[in-house]
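Enquirer: The listed protein sequences derive, respectively, from chains E, P, S, D and X. Residue numbering for the first sequence follows this note's numbering, starting at 8 and increasing by one per position. Residue numbering for the second sequence follows this note's numbering, starting at 8 and increasing by one per position. Residue numbering for the third sequence follows this note's numbering, starting at 8 and increasing by one per position. Residue numbering for the fourth sequence follows this note's numbering, starting at 8 and increasing by one per position. Residue numbering for the fifth sequence follows this note's numbering, starting at 8 and increasing by one per position.
A couple of the hints might just be wrong.
Where chains are identical, the list cannot tell them apart; a pair therefore holds if satisfied intra-copy or between any two copies.
To be verified - Capping the alpha-carbon separation at 30 Å, the derived lysine-lysine pairs in DSBU-like fashion look like this:
#, residue 1, residue 2
1, K190, K138
2, K139, K151
3, K151, K163
4, K37, K241
5, K259, K239
6, K190, K259
7, K241, K259
8, K239, K151
Keep in mind that the hints were calculated from the coordinates and are not lab data.
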Amino acid sequence: MIASVCRSLFLVLVVLGLSAGPSVAADRDKMMVEPGVYGTFAVFRVDSSWWRLERSVRISGLAHAKGVVERHQARVAIDAYLMRGLSDQGDFMLRVHATDLQHTQDFLVEFMSTIFGQFATNTVTMKGVTKKPNYTAAFPDDVKSTLQTLSDPLPKPFTIVIPIRKDAEWWGLEPEQRGGLMKEHVDAATAYIKAVRRKVYHSKGLEDFDFLAYFETGKLEEFNDLMVSLEKVKESRYSRPVNHPVLIGVTKSLGEVLQVFGR
Amino acid sequence: MIASVCRSLFLVLVVLGLSAGPSVAADRDKMMVEPGVYGTFAVFRVDSSWWRLERSVRISGLAHAKGVVERHQARVAIDAYLMRGLSDQGDFMLRVHATDLQHTQDFLVEFMSTIFGQFATNTVTMKGVTKKPNYTAAFPDDVKSTLQTLSDPLPKPFTIVIPIRKDAEWWGLEPEQRGGLMKEHVDAATAYIKAVRRKVYHSKGLEDFDFLAYFETGKLEEFNDLMVSLEKVKESRYSRPVNHPVLIGVTKSLGEVLQVFGR
Amino acid sequence: MIASVCRSLFLVLVVLGLSAGPSVAADRDKMMVEPGVYGTFAVFRVDSSWWRLERSVRISGLAHAKGVVERHQARVAIDAYLMRGLSDQGDFMLRVHATDLQHTQDFLVEFMSTIFGQFATNTVTMKGVTKKPNYTAAFPDDVKSTLQTLSDPLPKPFTIVIPIRKDAEWWGLEPEQRGGLMKEHVDAATAYIKAVRRKVYHSKGLEDFDFLAYFETGKLEEFNDLMVSLEKVKESRYSRPVNHPVLIGVTKSLGEVLQVFGR
Amino acid sequence: MIASVCRSLFLVLVVLGLSAGPSVAADRDKMMVEPGVYGTFAVFRVDSSWWRLERSVRISGLAHAKGVVERHQARVAIDAYLMRGLSDQGDFMLRVHATDLQHTQDFLVEFMSTIFGQFATNTVTMKGVTKKPNYTAAFPDDVKSTLQTLSDPLPKPFTIVIPIRKDAEWWGLEPEQRGGLMKEHVDAATAYIKAVRRKVYHSKGLEDFDFLAYFETGKLEEFNDLMVSLEKVKESRYSRPVNHPVLIGVTKSLGEVLQVFGR
Amino acid sequence: MIASVCRSLFLVLVVLGLSAGPSVAADRDKMMVEPGVYGTFAVFRVDSSWWRLERSVRISGLAHAKGVVERHQARVAIDAYLMRGLSDQGDFMLRVHATDLQHTQDFLVEFMSTIFGQFATNTVTMKGVTKKPNYTAAFPDDVKSTLQTLSDPLPKPFTIVIPIRKDAEWWGLEPEQRGGLMKEHVDAATAYIKAVRRKVYHSKGLEDFDFLAYFETGKLEEFNDLMVSLEKVKESRYSRPVNHPVLIGVTKSLGEVLQVFGR
């Protein structure tokens, strides 16, 4: 039996191309930093009936799904995260960046039509758009330069996505008041700027919350410290509960994620 | 295999008549603008067991469903939206306009009785009725004429439906007070009147919220700006959370939507 | 195929006895107006696997279910409503009136044990008891006589059921204070008394809300006006959110409702 | 067919032993009145696939389940309630009293491992422990003696279980303050002490609410009056909403409950 | 039949190795007391279709799952709890301690890929990280020494896990203010320190709550007293409701837990 398991693991590795990362769109780098890019977080739970398929069917299904992802990487930038074991929201998450949300839909519709996609229930979808920073223009120069500090080059395997909603009082403040509160927020985050990479998506109108905060870190304990620090500043008092989950996963290549379902 | 896929795609295109839009009721134009019209938003999720049917069964099932829609277009106006990939609420949405809500039910009951309908779970239904504007009569002439500005002729593929509930304090205000607050609301929306098409349905009594705001836009980033602007006016402070989801989809012909499930 | 469909539709009509209404209990009229009667609203969603049964099995299953209803009409008064297409809460609703809630249970247990009942998930059940009016004794004579106005004889096909919860402050008011607020409530409803038929069930202790308001109307737009009027009076400020759905359906004979599932 | 139904009903009656009540543990009487007893309310919904089993399999499965209950009655006191038709939370409820909660688990684990248990989803479980009364020691003698009034000997078929949570302000009151408020609560209940039997379980720490109030009555209308009276006293203002359902059922022998699923 | 049951129970005992506890990681003791350790609580519900597998398949599936647990004990510390019968959240819970959360994921992904894991739905996952105490440094010496009191050596079979969220006001307090409130909290807990073992995990950022409080006790009634005492101190007023469940189970060896599903 062990021999058979090894052989089939080998098969998985070959078909899913574990060693190579996913092929990447030419404009991925631009989409990662520019405003006006739509970020969609789609979470999937693999149905238990998936495991009742023949292993060969599963492996060719996974290879097909992987091919769909690769083909669409020319137009959309796709990242994969393994959630299984760390979240009760689903098994894996795809983050799709696109300058046109229809490209995101085109990709996900095709992905969900593959054999594998047919067994993957889309449990959570949250989305937002990147924008130019609202408040930083008015920040002092030292804060601005702090914000441009790059995070350290250490691996940041853990990804957390948090939906945020501000109350009506927040939105009724004058821009300078919000700017002042946001500067205090940034000051509280300064100590963690190297350990935690951060990205913000604007969701009002697309969701019933206002922002998606996306984090990557290798140090979850420091990330917890950061979140406590942010809760202590006055800006946090303007938040109100959201009926959408916090998502957590581990960044993986798509092949690594799919491999879990090809065993 | 490619040849077989192409052939079957061709079959889908022929049977579902992708090139032609749905046949349209004579009084659709009236229903789109008049008061006293019931708008129903019915969201469906296609069961994964649908994909286990023979492709020919699926295609004839879809053709049957399409025929039901076309037949009912004489009495009700039906629009289709693809949600799959952009929403965790379902795969597609039908908007049904009717002067008598029983016509809407007649249509949806027959649609849900088709083979395709039997595999499509109705996850969300929200509805409301169109009414004459409440406050505009008292608005200054320039605001009135702004409100009559047509949206620009650019395509507006994205549709968003947002349920809204005002609190008891709002309803306890004098009509002039509410009118004043609504004028401020309209002023905040003026800059976006060309980029975003809007329609309001009154839902109190039919749902446990008060209004359905329906939007069409091609520019989701501007739509996000609009929503932020609206949150900043005092009227937004009278809103309270609703236990119903925000819906998002892409306007498609019915054939295009059904085609997704005929692959 | 058309011939076969027609034949089977004919079969459905014959077996389910569409033309005749359900046989009616001798004391139905009394149960409709007296205090101390328990009203139970049971919503059912028909499982999609129902459609995979042979048509003849389905039709005999429906006939059996109809027989159970008819037999129990001697002790309980049963009304049927088609919700499919208008509500995401289920496909149909039964309202059961009984002077002893055990009679209601006896009926529903037997109904749910039929072949049809085994495929019908009971998604929502809400109940309450009718009581003598609390506040009307102290109302002025003209208000009393208004309350005795009969609704107009026009058909009222639409039924809406709304669970209501008042806050602790409401219950802490003196009876005269509540009476005064209720008179204002009644005054606001006066204009709609002909277009909307109304019935109230007391639910505190049986549910985690206080009342079920039951409405029948043919004019949903006027019903929306009524609900807006009622929200504007002070009594509405004592309501608090309820975690149970608003139900909507169309009054049908039981045969008409069952026919939907016999196609 | 009627003959066959009669024969199988007879079979059910014989196997499930309808005429005899469940065998009862020696210390049941003590467990019903003493402090330090754990009460667990476990609600089950019978899966619709249960009905697709052969009737003989179902009947022997039910008999096996009944045997498990009887065997455990030596250590735990088990009561059965039929919820089907009156509640959307499930089909039946078991109340298990035990001096050690592990005995409750031992029983329920074995019950859920029977063929019948495998088809019965455990939808709701709520539990608490009985304690000596907190406040009565300081009550005037007449109130104390009122509390010792036995309920009348009339049948009390209806059982209602209500989870209750008090807010932080309540728990921050001095004991005498809470005692004073509870005396007012008891006074409001006095008129109903004969018609409604009552029992309280303490749940804080075991659940995210504070108490389970258990009621038995034959007069649901009076029970509604009682609940309205209790809401009117000041103590009710310290309650806050609970995310757990109110349960309602009819007390039956276990055989009567199981018989519903053996038809 | 009894003989056959006995034989198969014997088989279960042999294969699942009931007599021996799980093999234990070398650094388990360190992980139980040190800061910077990630604790993950993963709850599983066994699908009813599990019972339709051949008993021999089930037993070898359970043995495989047990083997996966044992192999991973070298890197992660795994505890097992039987929830079935006491909780509607699931059938069993695994607590996984790891210095790197990726090790936890590696284990749970492999566990969920076993035959048994494929039939076990992961209904709830909650996690947090251990940290050095925040406030104790400033506590008086007698309180510090109280906190170091070991719990009594009596068995503590019951485990309760409670998610906790503090409001923005709490986080906005000065550290000394929070310390003062926490000292009052600790004082209230002193009387129970022997009967209840306690552990705290910090979850902010990883979950949408702030802490997981983990308790072990053999005396649930005293545990209820403890929780009431804690609610009475001012610190409790800064808590706000959490949309995650309280978990309860009985500590068992993994073999004992799995045995339930091998009958």
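Enquirer: None of the hints should be skipped; say for each whether it holds.
Expert: Comparing the hints with the structure gives:
1. K190 <-> K138: both (18 Å within a copy, 28 Å between copies)
2. K139 <-> K151: Intra 14 Å, inter 33 Å, cutoff 30 Å: intra-copy only.
3. K151 <-> K163: within (24 Å within a copy, 37 Å between copies)
4. K37 <-> K241: neither (34 Å within a copy, 38 Å between copies)
5. K259 <-> K239: Result: close neither inside a copy nor across copies, 33 Å intra and 40 Å inter.
6. K190 <-> K259: neither (34 Å within a copy, 44 Å between copies)
7. K241 <-> K259: neither (36 Å within a copy, 45 Å between copies)
8. K239 <-> K151: Classified as both: same-chain Cα gap 22 Å, cross-chain 26 Å, threshold 30 Å.
Against the hints set out earlier in the document, violations occur for numbers 4, 5, 6, 7.
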